[in-house]
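J.: Residue numbers (the working numbering), protein chains in the order written: chain F, 1 to 398; chain L, 1 to 396; chain B, 1 to 381.
What the hints contain is simulated information worked out from the structure, not anything from laboratory work. Incorrect hints may appear among the rest.
Simulated restraints, written as ranges between beta carbons of each label pair [said to hold, decoys possible]:
(1) R21(L) x M311(F): 52 to 62 Å
(2) L159(F) x Q358(L): 18 to 28 Å
(3) F191(F) x D95(L): 18 to 28 Å
(4) R260(F) x D44(B): 27 to 37 Å
Calculated pairs, DSBU-like style, for lysine-lysine (alpha carbon to alpha carbon, straight line, at most 30 Å) [claimed, not checked]:
(5) K316(B) x K176(B)
(6) K361(L) x K199(F)
(7) K5(F) x K40(B)
(8) K203(F) x K139(F)
(9) K232(F) x K47(B)
(10) K14(B) x K277(L)
(11) K18(F) x K246(L)
(12) K262(B) x K275(B)
(13) K225(B) x K184(B)
(14) K47(B) x K5(F)
(15) K230(F) x K3(B)
(16) K203(F) x K106(L)
(17) K4(F) x K3(B)
Examples of chain L residues lying across from chain F (beta carbon under 10 Å, computed) [said to hold, decoys possible]:
(18) M88
(19) M217
(20) I383
(21) I386
Cβ coordinates follow ideal geometry from the N, Cα and C atoms, glycine included.
The residues making up each chain are set out below.
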Amino acid sequence: MAHKKNRNVGIIGIGQTKHSSHREDVNQPEMIHEAVSLALKDANLTMNDIDCVVHGNMELFEMVHQPDMWHVLGTGAYGKDCIRITTGGTVGATLSCASDNLVASGMYDIVMAIGFEKLQEGHTTAGITNMADPLWFRKIQAGALTGSSAYDVEREFGLERANRASLTYRIIMDKHAGLNPNAHRAFGLEFSQIDDLIKSSPKLVGELKLIEMCSQSDGACCVIYACEKKAKEMSKNPVWIRDHITAHKEETFTIFGYNREFPVMKTHKFAAEQLFRRNDIKDPLNYFDVFEMYDPASWWAIDWLRDFFDMKGDEHLKLIEEKEIMIGGKMPINPSGGVIGSNPIGATALIRVAEAALQVRGNAGGHQIPTPVNHALASGFGGTMWTVMTMLEKELNW
Amino acid sequence: MAEYWGIKVEDIFNTMKDRFRPDGAKGVDAVFGYDIKDEGKWKLTVNNNVMKIEKTDDLSNCVSVMKADGETFVGVNTGKVDATNAFMGGKVKVDGDMAAFGKTGKLFRKFVIAKKEMSTKEYLVDMFATVVPRFKAGESEGVDASFAFDLGGPDGGKWTVFIRNKECSVTETIEGKPSVTLEFNDAKDYVDFILGKIDAQSLLAAGRASAKGDINMMQTKWPVLFDKYKDPVGSSVPEQELLVLKKTISVNQKYATGPVMGKFLKGLKDKKIFGNKCTKCGRIQLPPREVCAECRVRAGDFLEVGPKGEVRYMDIVYYAMPDPLTGIARETPYGGINVLLDGCKGNETLPHFIRRDQIEKIQMGWNEKKGTRVRPVWEENRIGDIWDIKYFEIDE
Amino acid sequence: MGKRMAICAVAQIKNDPEYRHLRFQNMLLECFESIMGQTKVTFDMEKGIRTIITCSDDVFDARTISNNGITDVVGAHFRGEEKMAQESINGLGYGMACILSGHDDVILFMGHCKESQGESRRMATNLSYDPFYSRPLGMDFQNVDALQARAYMEKSGVTDEHLAKIVVRSRKNAAKNPYARENKLVDEKEVMNSPMYADPLRELHVYPVTDWAYGMLLCCEERAKEFTKNPVWITGYGSCMDRYFLGDRDLSSNFSLKNAAKRAYDKAGVRDPKKDVQLFELSDHAAHQLPMWAEGVGIADEGKGGKWIDDGGMDKFSVNLSGGQLNGNPLLLGGAARAIECYYQLTGQAGERQVKGAKRAVAQAATGGAGQHQAVIVMEA
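Using the sequences provided together with the hints, build the complete structure.
T.: Dropping the structure here:
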């Protein structure tokens, strides 16, 4: 049983900037233009081929209202259909879903999605805090920083194992980022540093340490989507979008359970279950060849792996401890280095889709998985535990 | 003493006095230590806008001590190494008061690497060594040519640059029959010509240089085939300064509270904490919401809960979070707590803060374990705001 | 899958200068409950609403991710929710994409804005310009609309008297619309004597600050009958982006609107809007935009806006019988207000404003200063 779709949609072009905290050399539209040019070059197209531009980010990070107006200088949307759709940190993934919908509907043949953020132009943590209710929680929250995931893992598996799993995950991401020239942060960490980093890395909140939290980056990503007919005509290696799902959660911050008898349903788990059920994926851990996961901090990442793949007990920790999530492992997670490596928020979730697609195409470069990638998964995270998941396929055979 | 990028660790310390910025030292009264691996220890004293730096063995009275190896230390101070990356990756460590150490960042002007002069010989070596990396293979489709350079004078020499099959190679001789040969009487003129200090026309006119063979190839093809040579000592044209426009944007707002949040906030004014209960599933929302998101129905009656309760979770926040409404950083560490107020169950907790000096004593509750009992401490003048509760404290 | 999308139900609260006693959550909840009551739609993962599209704005809400605080009141808990961050009319275009793609059968589309909350909407729209050049020069949507007004009036023979006539008529029409903002009826003299905001635009030439929220239920062709006996169909949508710098644009050219209209008309099979469409709702943020957009959608001749008004074009083509944006809708939501008026007309529920036998309507709305981005939808009974 496949999810019904009016017509198939393929990714035919991918471009992203180098993600960095030092992009004083370009303004916002100029930075976007870099990604747009790279995507067009990748697809061997010009702006004349694009029917519609989809733009997204979060306005208050840079304090630009309806930025698609100014950014037309860099997006190339002049004279074209253009829409702006946003969610939260998920926005990049939402841009991908929207582009898929716009093409699949038959309304447009070729659509370009652009996600960007210049986080150095504002105060990121204050920007995130500004999403809370101004009447009360805004005065209490500390951005996206919380130690609650660490506490959850620690309570279940003990502090030492939890800490080591988190740092192992972190160092794997760093090693992946070292292979990806676009990654913002690649420190050259070694597994031998785990004990040292547990002690020396400054704590932000609870057990959440600076080394475990994602960066604040400037960067842009652009992905081009085409209908099946055009994708086959124009591209040697289109990557097909099979399905996507979005699940939001109420604003109230009951994101983990305070009592075993009152379990909290998680959006990641819910979205994954729904998506896999309607696509008849019985064993996702075996089905997918790579997973680009939105991992804002290593604690969340290790906890979420269990939700996405419906793993039992400590299977998820073992997967990390045995380094099966590394390139070459059983389920490579974030060959790109992930969000911990680069986080231009409005682009971040689109980069997950883009990087997953690069893996399917087989030309990701230094961080390409050596074995064939036929089925890829990408996730987005944002808001108060919102989820977007996207399934990519190499062949049109589901 | 090892040198990094031509600079010794000592150079950084010895120039501190000249680089000191009294502006940046306002309100700083502290002793900082530097422990540089295999190089030694230094002590920096800052007091009353005056500084003193000394080499020492004793860093015991320092408020914080920075530890790094020589290369990292020089790199961070000269901008060759990204300071955040070095810190995050564990190459720079700070013992003691992290926040105090942060102030040293503003104490000094940046260390600027003195410009080193390069000799004609060094330039020639560099110019021909970078020919291959500067070659743009993509532009060389169908080009089969060789460019010879015959440069005279005491520093001179001979070179040939070959381009064939979209590949570039260089020899330190002149071989075969070059497509074009450039001759300079003095190699220094060639260096100045490449650096843009002198133009080709005047050299040719003065008879100090000549070209043989396919001159057109040299004039039109070479600039396309190769990236321009970059002067490693710095170009004669100053680099453009990248300006950053700094601006604080604020638009005043008046947030309506509505009948639901309004009731909650009014309650605080009267030292009462109101939640509301879903008519369908019975869960209590705290603070109250307009609807129960799970049942998608309008939330029902208000009911008073607490004011005392049990801590179920606490975040100890070390990160100096700026208050988004005032911009002032909160004092750290502080404890953000989720309290299960009396009359609530399960996940129906209220987030707030705990008294700062009690963080260490808080126990988080779970099924088998009771959390610390706490009570709200009310503000004297209450205005209907979440801060009408100053914080919670242990209920003893 | 079909080629058109149904609107099965609409809901709104009255446009108001300031809902002091309501948060936007309360405003949305009224609309949400109304849609649920009218249609009995569910949130079942197979047959019900899986996707909610909202429309709101971070700067006007003074909230990062303005859709974060409304998840519960739009029913989006554990469902998909995506925010149209441009003019709400584009939410209908995007809803159409979700449904025609097959990804969704049923979509809830909701929007809110409390323009009264911020100290100044001009401070908000000033932020839409680049911080280096246009922002310090004082560009905001009102000033830029005024530059456009000067250029357009010069070109099309539209005079201060014409603008006054448009405002007087807008308020008269709105008085017959129970959901319209309650404004004082004015005469032409009052309009022409109202304070100058940005020459040539006066206070009464510009839409007033307004709070509003709405909801709509969108559905695929096959299942529309489950929710209503009287669906209204969206058969065409098109949008277009113009250049950014004002000096790069001809402000009086209607470049983006003509493109957007053509794209929507082509999809809906509208050949001559003057004959094929019985009703037009245009988002006139300022009075001069009514004749200007009328030229753009093809019911007034190019450069003849003044004469078109003199010839009774506004009533002849049934333009803005709701009162239009000019009478007051929040900036981002005018397009939804236009579409809702068309829905009432096409289902015969427009009361005193009813256009007899209306079968096809056009709604238009713009995002940005001087209509930099334009979008048009075609609706049919």
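J.: Confirm or reject each hint.
T.: Now for the hints, and whether the structure bears them out:
The supplied range of 52 to 62 Å is met by R21(L) and M311(F), whose beta-carbon atoms lie about 55 Å from each other. A hinted range of 18 to 28 Å holds for the C-beta pair L159(F) and Q358(L), which are about 22 Å apart. Between F191(F) and D95(L) the beta carbon distance is about 24 Å. The supplied range of 18 to 28 Å therefore holds. The given range of 27 to 37 Å is respected by R260(F) and D44(B), whose C-beta atoms sit roughly 29 Å from each other.
Restraint check for K316(B) and K176(B): satisfied, since their Cα atoms lie roughly 18 Å apart, inside the 30 Å limit. A hinted pair counts as satisfied when its Cα atoms are at most 30 Å apart, and K361(L) with K199(F) qualifies at roughly 22 Å. Distance restraint check for K5(F) and K40(B): the Cα-Cα separation of roughly 26 Å lies within the 30 Å cut-off, and the hinted pair is therefore satisfied. With a C-alpha separation of about 22 Å, the suggested pairing of K203(F) with K139(F) holds against the 30 Å cut-off.
Straight-line distance between C-alpha atoms of K232(F) and K47(B) comes to about 33 Å, which puts the hinted pair past the 30 Å bound. Pair hint K14(B) plus K277(L) holds up; C-alpha atoms about 29 Å apart against a cutoff of 30 Å. At roughly 24 Å between alpha-carbon atoms, K18(F) and K246(L) fall within 30 Å of each other, so this suggested pair holds. Restraint check for K262(B) and K275(B): the C-alpha separation of about 15 Å stays at or below 30 Å, so the hint holds.
For the suggested pair K225(B) and K184(B), the alpha carbons sit about 41 Å apart, so the restraint of at most 30 Å is broken. Restraint check for K47(B) and K5(F): satisfied, since their Cα atoms lie roughly 16 Å apart, inside the 30 Å limit. With a C-alpha separation of about 20 Å, the suggested pairing of K230(F) with K3(B) holds against the 30 Å cut-off. Taken as a hint, the K203(F) and K106(L) pair is honoured in the structure, with Cα atoms around 23 Å apart against an allowance of 30 Å.
Taking the CA atoms of K4(F) and K3(B), the gap is about 16 Å. The hint holds against a cut of 30 Å. At about 6 Å, the closest approach between the beta carbon of M88(L) and any beta carbon in chain F falls short of 10 Å, and the interface hint on this residue holds. Hint status for M217(L): violated, given a least beta-carbon distance of 30 Å to chain F, over 10 Å. Annotation: I383(L) was flagged as interfacial toward chain F, and the flag is violated, the nearest CB pair being 13 Å apart, outside 10 Å.
For I386(L), the shortest C-beta to C-beta distance to chain F is roughly 4 Å, which falls under 10 Å, so the interface hint holds.
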